[in-house]
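First to last, the protein sequences are chains A and B. Sequential numbering of the first sequence, starting at 1, is according to my numbering. Sequential numbering of the second sequence, starting at 1, is according to my numbering.
If you're looking for bench data, these hints aren't it; they were derived computationally from the structure. Hints are supplied without guarantee of correctness; some may be wrong.
[To be verified] Under the rule of at most 20 Å between Cα atoms (straight-line distance), these lysine to aspartate or glutamate pairs were calculated in the DMTMM-like manner:
1) A:K275 with B:D240
2) A:K251 with A:E331
3) A:K275 with B:E171
4) A:K208 with B:E216
5) B:K282 with A:D224
6) B:K281 with A:E331
7) A:K88 with B:E59
8) A:K270 with B:D279
9) A:K270 with B:E262
10) A:K289 with B:E171
[Unchecked claim] Which bits of chain A does chain B cover? Going by a derived footprint, with three or more residues having C-beta under 8 Å, they are:
11) 189 to 198
12) 201 to 213
13) 220 to 227
14) 278 to 284
Every residue, glycine too, gets a C-beta built ideally from N, C-alpha and C.
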Amino acid sequence: MARQLSGQNETPLLEVKDLQTGFKIGKDYYNAVEKVSFKVDRSKIVGIVGESGCGKSVMSLSIMQLLPQGIGKVRGGEITFDGKNINKLSEREMNKIRGKDISMIFQEPMTALNPVFTIGYQLNEVLLNHENINKKEARQKSIALLKSVGIPRPEKIVDEYPHQLSGGMRQRVMISMAIACQPKLLIADEPTTALDVTVQAQILELLKDIQKVNNMSIIMITHDLGVVSEICDEVIVMYAGKIVERTDVVKLFEEPKHPYTQLLMGAIPKMDERKEVLDTIEGLVPSIKDMPQVGCRFANRCPKAMPECITVTPELLEDDVDHEVACLLYENSKPLERVGGR
Amino acid sequence: MNKIETKKGSIQKKGTDKETLLDIQNLKTYYPVKGGFLKRTIAHVKAVDDLSFQIKKGETLGLVGESGCGKSTTGRTILRLLKPTDGKILFGGKDITNISGSELRRARQDFQMVFQDPYASLNPTQSVGDIVSEPLKNFKKMSKKELKEEVLDLLSRVGLPPEAYHKYGHEFSGGQRQRIGIARALALKPKLIIADEPVSALDVSVQSQVLNLLKELQGEFDLTYLFIAHDLSVVKHMSDRIGVMYLGNLVEIATNESLYAEPLHPYTQALISAIPETDPKKRKNRIVLQGDVPSPQNPPSGCPFHTRCPMAKEECSKIKPALKEVKPGHHVACILY
Numbered sequence: 001m002a003r004q005l006s007g008q009n010e011t012p013l014l015e016v017k018d019l020q021t022g023f024k025i026g027k028d029y030y031n032a033v034e035k036v037s038f039k040v041d042r043s044k045i046v047g048i049v050g051e052s053g054c055g056k057s058v059m060s061l062s063i064m065q066l067l068p069q070g071i072g073k074v075r076g077g078e079i080t081f082d083g084k085n086i087n088k089l090s091e092r093e094m095n096k097i098r099g100k101d102i103s104m105i106f107q108e109p110m111t112a113l114n115p116v117f118t119i120g121y122q123l124n125e126v127l128l129n130h131e132n133i134n135k136k137e138a139r140q141k142s143i144a145l146l147k148s149v150g151i152p153r154p155e156k157i158v159d160e161y162p163h164q165l166s167g168g169m170r171q172r173v174m175i176s177m178a179i180a181c182q183p184k185l186l187i188a189d190e191p192t193t194a195l196d197v198t199v200q201a202q203i204l205e206l207l208k209d210i211q212k213v214n215n216m217s218i219i220m221i222t223h224d225l226g227v228v229s230e231i232c233d234e235v236i237v238m239y240a241g242k243i244v245e246r247t248d249v250v251k252l253f254e255e256p257k258h259p260y261t262q263l264l265m266g267a268i269p270k271m272d273e274r275k276e277v278l279d280t281i282e283g284l285v286p287s288i289k290d291m292p293q294v295g296c297r298f299a300n301r302c303p304k305a306m307p308e309c310i311t312v313t314p315e316l317l318e319d320d321v322d323h324e325v326a327c328l329l330y331e332n333s334k335p336l337e338r339v340g341g342r
Numbered sequence: 001m002n003k004i005e006t007k008k009g010s011i012q013k014k015g016t017d018k019e020t021l022l023d024i025q026n027l028k029t030y031y032p033v034k035g036g037f038l039k040r041t042i043a044h045v046k047a048v049d050d051l052s053f054q055i056k057k058g059e060t061l062g063l064v065g066e067s068g069c070g071k072s073t074t075g076r077t078i079l080r081l082l083k084p085t086d087g088k089i090l091f092g093g094k095d096i097t098n099i100s101g102s103e104l105r106r107a108r109q110d111f112q113m114v115f116q117d118p119y120a121s122l123n124p125t126q127s128v129g130d131i132v133s134e135p136l137k138n139f140k141k142m143s144k145k146e147l148k149e150e151v152l153d154l155l156s157r158v159g160l161p162p163e164a165y166h167k168y169g170h171e172f173s174g175g176q177r178q179r180i181g182i183a184r185a186l187a188l189k190p191k192l193i194i195a196d197e198p199v200s201a202l203d204v205s206v207q208s209q210v211l212n213l214l215k216e217l218q219g220e221f222d223l224t225y226l227f228i229a230h231d232l233s234v235v236k237h238m239s240d241r242i243g244v245m246y247l248g249n250l251v252e253i254a255t256n257e258s259l260y261a262e263p264l265h266p267y268t269q270a271l272i273s274a275i276p277e278t279d280p281k282k283r284k285n286r287i288v289l290q291g292d293v294p295s296p297q298n299p300p301s302g303c304p305f306h307t308r309c310p311m312a313k314e315e316c317s318k319i320k321p322a323l324k325e326v327k328p329g330h331h332v333a334c335i336l337y
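Bound-form chain A, shown alone (with noise of 0.2 Å):
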């Protein structure tokens, strides 16, 4: 922990720079990650909100490098991981971070377990392979680990097959196989989708408590905007693939500036207030195919859309202190004046 946090504190722990992803659908790419720039500082929870197809799991899916062969690709951009460079490790030198300096956790318990080995074998899978134990150890931690996520009778469940444990625990078990060699950074996407309320509430303060211990970063990609209240610190919104606003949870909440983020919180029902009709946003995301060139993304759908939303493609700049954001009712956000500077 101590070698941890000595020295390269000023760096952050991941950063991605105009990073592109794209799809193959028939003959050519398109990209459903569009050159986007972000970091997360150590110890840090940093939200990512969206609806689905605005790329958020994507981005996770391309810093993992876990992208479906053959169809998805990294096409442009970095990223840096502890002052190093990711995007052009080979398999091989990436199977060594993965699931050790960073791990993941899905939004389906179920499916992201093995049905047919027991909890206790995928979670010595983890130890053995990033770790120079024996089976014995690995053992024994394995029954520590689903004890440090609150699982009741740990030693009976290591031996248990995955069927036999309810969402929330199955939750817990992939969570402890997240946090079994310790990552630097833990991308959480949807890890709470799938859950019951009271349960959600059980793994949100799991998590809470683990970051708090493990001193790790965490990247929560949700799209329930009370989930990034609860726990984030920082929150990025994405639509269509690019990322329209970046801030500290609390300004977010308390001054949205994109007229998209606007629109998504007034479209969730609030328990403490009542109001008849609930915010809209009409129309629907581009699809990937003809997703405009320039201009604003959301200018279709924007009830404060400009003609030149559709003309000039807004930059994602500081307006306020921290606070930045895409949108060209902000002066910063436009690209005229610094177009001679390039």
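Put chain B on the given structure of chain A with help from the hints.
Chain B in isolation, oriented as in the chain A frame:
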């Protein structure tokens, strides 16, 4: 039996301002568990266990609870898609518990359903026009021209363009498919619509469109809703009264305002406290329930919630509390009251 008959009469008269449309009395739905060499019934899953409530005309009753609590089974039993094990379902004063065949089919004109999964609930081989006109073909004598006019009218009411008529389900997005499902449910101008998690498969921006539509149609068609969902904020937005279910039992039922302002049952309190707060400054100390919902095949004795209840006392494992009216219109099944 006689006793229940008379009870029904009195409840209907008691309905102060509006008449009762749906009256559920001691409804039970058990699923048999088969096992052994001869595949005999060896146990029952008590999916719905002794449920009673009423829905007044024009009202929206929300049913909430976690997965496996029996809320969908309740909806399906009321539609008589499942046969109730015991109890009574009275719809508009008529007993529909045991009717069958053509009588049941005719009765079903008045209650329709909107399903959760808009991808699975539309027949992929039928065009939208066929899907929406099917209920009309079955019950109404209409010429082809009238039929088409009626369907186009329905489509426009749910916000779909006339071009949709000749298209197929897969050509639409999730929200639009849900609109097709709603148009189909509306075709026969039903009195009651049972909406089983109608928005849980949709994105938030689309979810709000469908919720707004359902509210709008309620006024337009004078509909009564039984709105089943697991999302408490959605249920709060939609409902006039809300029932909270746990392991096949109704543990609390009250008006919307009363339930959220002052939840009485420890389970309701935990459920409301578990909702993520949408204000990051108000991160709260929540009541985090331990463990999972017990299996309905082997429910705990006494109060079904006592195994996870933070306020459980010794007698909770012995006595099963009945639903009691604690405040006007606020019923709760807990020994604390």
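Hint by hint, here is what the structure shows:
{"no.": "1", "hint": "A:K275 with B:D240", "verdict": "13 Å, holds"}
{"no.": "2", "hint": "A:K251 with A:E331", "verdict": "19 Å, holds"}
{"no.": "3", "hint": "A:K275 with B:E171", "verdict": "33 Å, violated"}
{"no.": "4", "hint": "A:K208 with B:E216", "verdict": "41 Å, violated"}
{"no.": "5", "hint": "B:K282 with A:D224", "verdict": "17 Å, holds"}
{"no.": "6", "hint": "B:K281 with A:E331", "verdict": "29 Å, violated"}
{"no.": "7", "hint": "A:K88 with B:E59", "verdict": "61 Å, violated"}
{"no.": "8", "hint": "A:K270 with B:D279", "verdict": "10 Å, holds"}
{"no.": "9", "hint": "A:K270 with B:E262", "verdict": "17 Å, holds"}
{"no.": "10", "hint": "A:K289 with B:E171", "verdict": "16 Å, holds"}
{"no.": "11", "hint": "189 to 198", "verdict": "holds (count 3)"}
{"no.": "12", "hint": "201 to 213", "verdict": "holds (count 4)"}
{"no.": "13", "hint": "220 to 227", "verdict": "holds (count 5)"}
{"no.": "14", "hint": "278 to 284", "verdict": "holds (count 5)"}
Checked against the numbered hints above, the structure breaks hints 3, 4, 6, 7 and satisfies the rest.
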